[in-house]
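S.K.: Sequence order for the protein chains is A and B.
Numbered per the working numbering, the first sequence spans residues 5 to 128.
Numbered per the working numbering, the second sequence spans residues 23 to 155.
Derived by calculation from the structure, the hints in this document are not laboratory data.
We put the CB at the ideal spot given by N, CA and C, even for glycine.
Treat the hints with caution; some may be incorrect.
Claimed, not checked - A few chain A residues facing chain B, derived, Cβ under 7 Å:
1) 5
2) 7
3) 27
4) 51
5) 55
6) 73
7) 78
8) 90
9) 121
Claimed, not checked - Computed, partial: chain B to chain A, Cβ under 7 Å:
10) 56
11) 57
12) 66
As the list claims (entries may be wrong) - Distance windows between CB atoms, simulated:
13) B/123 x A/110: 27 to 35 Å
14) A/86 x B/98: 22 to 30 Å
15) A/86 x B/52: 15 to 23 Å
16) B/101 x A/115: 35 to 43 Å
17) B/137 x A/70: 14 to 22 Å
18) B/81 x A/127: 33 to 41 Å
19) B/24 x A/40: 19 to 27 Å
20) B/49 x A/13: 30 to 38 Å
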Amino acid sequence: MSLPTRTFTITRADLAAYAAASGDHNPIHQDETVARSVGLPGVIAHGMYTMALAARAVSEWFPGAEVVSLGCKFTNPVVVPAEGGVDIEVAGEAEAGDGVTTVRLTVTCAGQKVLGMPKAVVRA
Amino acid sequence: MPVDPSLVGRVFPPTRPYAVTEEHVRSFVAAIGGAYDGGPAPATYPIVLAFEAMNAFLETEAIELHRIVHGEQRFSYERPVVPGDVLVATLTVSGLRQIAGNDIIGTTSEVTDETGALVCSTSATLVHRAADA
Numbered sequence: 005m006s007l008p009t010r011t012f013t014i015t016r017a018d019l020a021a022y023a024a025a026s027g028d029h030n031p032i033h034q035d036e037t038v039a040r041s042v043g044l045p046g047v048i049a050h051g052m053y054t055m056a057l058a059a060r061a062v063s064e065w066f067p068g069a070e071v072v073s074l075g076c077k078f079t080n081p082v083v084v085p086a087e088g089g090v091d092i093e094v095a096g097e098a099e100a101g102d103g104v105t106t107v108r109l110t111v112t113c114a115g116q117k118v119l120g121m122p123k124a125v126v127r128a
Numbered sequence: 023m024p025v026d027p028s029l030v031g032r033v034f035p036p037t038r039p040y041a042v043t044e045e046h047v048r049s050f051v052a053a054i055g056g057a058y059d060g061g062p063a064p065a066t067y068p069i070v071l072a073f074e075a076m077n078a079f080l081e082t083e084a085i086e087l088h089r090i091v092h093g094e095q096r097f098s099y100e101r102p103v104v105p106g107d108v109l110v111a112t113l114t115v116s117g118l119r120q121i122a123g124n125d126i127i128g129t130t131s132e133v134t135d136e137t138g139a140l141v142c143s144t145s146a147t148l149v150h151r152a153a154d155a
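Produce the entire structure from the sequences given, and follow the hints as far as they go.
M.R.: Okay, structure coming up:
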């Protein structure tokens with residue numbers, strides 16, 4: 005079953021708020037110069053930020069459902085511009101199993117997949 | 023400088039006990055653009071504990087955080103985290119290999135509550151980018 009695609013916007017201000025809340029103050033998520041110095045194309049979102057958006061979509065599709073497992077690879081960086089923001093699309097396919105539902109996600113930024121095989125299993 | 027290969031299998035000391043508050047869960051949810059209305063913390067919330075454990079590991083090994091890029095993260099939950107929980111994370115280095123001059127570091131962190139019960143187990147792959155990258 006296809007789930008309704010959700011779109012979220014990430015801004016630099018979101019990354020600053022996420023750094024404060026998560027404790028992840030890696031400067032590659034704040035500082036263009038540091039990001040480029042380690043070969044990145046610019047300031048990138050925390051992988052965990054994008055993963056949190058994927059989890060948010062799952063929690064909106066299955067309100068109140070307990071999450072059994074959640075995982076992904078971080079395959080492409082999400083570059084967040086200094087002005088404005090960048091859109092992330094989260095699509096999902098749900099498959100009901102034995103007491104749990106497996107949600108295979110597709111998370112894209114400008115049409116490119118940014119997470120590798122993101123998957124959540126929920127008790128729903 | 024490559025990461026010391028004898029690290030594999032090493033278990034680091036548990037993080038300081040962390041008391042989960044509604045206020046902190048609310049700020050975590052707000053940072054990802056949501057609105058917290060009570061109940062369990064988001065599924066990725068245990069990264070707060072796992073990240074602290076990772077930081078302690080990086081500091082011990084003198085690895086610079088800005089050279090770390092996240093490769094993979096997996097969570098397996100026994101139960102959701104809720105405000106009022108007092109949690110610690112214990113990190114084990116599960117693997118280490120080199121690809122194209124980068125260190126690929128595997129870690130597993132077990133998040134446990136005050137009773138010692140497992141709340142969530144989470145594994146991370148960290149890519150330590152070579153100095154000349």
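S.K.: Hints first: check each against the structure and report whether it holds.
M.R.: Hints, verified against the model:
1. 5: With a closest approach of 20 Å, the residue 5 of chain A hint is violated.
2. 7: Hint on residue 7 of chain A: violated, closest Cβ of chain B at ~16 Å, above 7 Å.
3. 27: Holds, about 5 Å.
4. 51: holds, 4 Å
5. 55: holds, 6 Å
6. 73: Residue 73 of chain A check passes; min Cβ-Cβ to chain B is 5 Å, inside 7 Å.
7. 78: holds, 5 Å
8. 90: violated, 13 Å
9. 121: violated, 10 Å
10. 56: holds, 6 Å
11. 57: Cβ of residue 57 of chain B sits 11 Å from chain A, so the hint is violated.
12. 66: Constraint on residue 66 of chain B satisfied, holds at 4 Å.
13. B/123 x A/110: 27 to 35 Å: This hint holds: roughly 32 Å between Cβ atoms.
14. A/86 x B/98: 22 to 30 Å: Violated: the Cβ-Cβ distance is about 37 Å, outside 22 to 30 Å.
15. A/86 x B/52: 15 to 23 Å: Between residue 86 of chain A and residue 52 of chain B, where Cβ atoms are some 22 Å apart, the hint holds.
16. B/101 x A/115: 35 to 43 Å: Roughly 37 Å apart at Cβ, these two residues keep to the hinted range, so it holds.
17. B/137 x A/70: 14 to 22 Å: holds, 19 Å
18. B/81 x A/127: 33 to 41 Å: The hint (33 to 41 Å, Cβ to Cβ) holds, given that residue 81 of chain B and residue 127 of chain A are roughly 37 Å apart.
19. B/24 x A/40: 19 to 27 Å: holds, 23 Å
20. B/49 x A/13: 30 to 38 Å: violated, 19 Å
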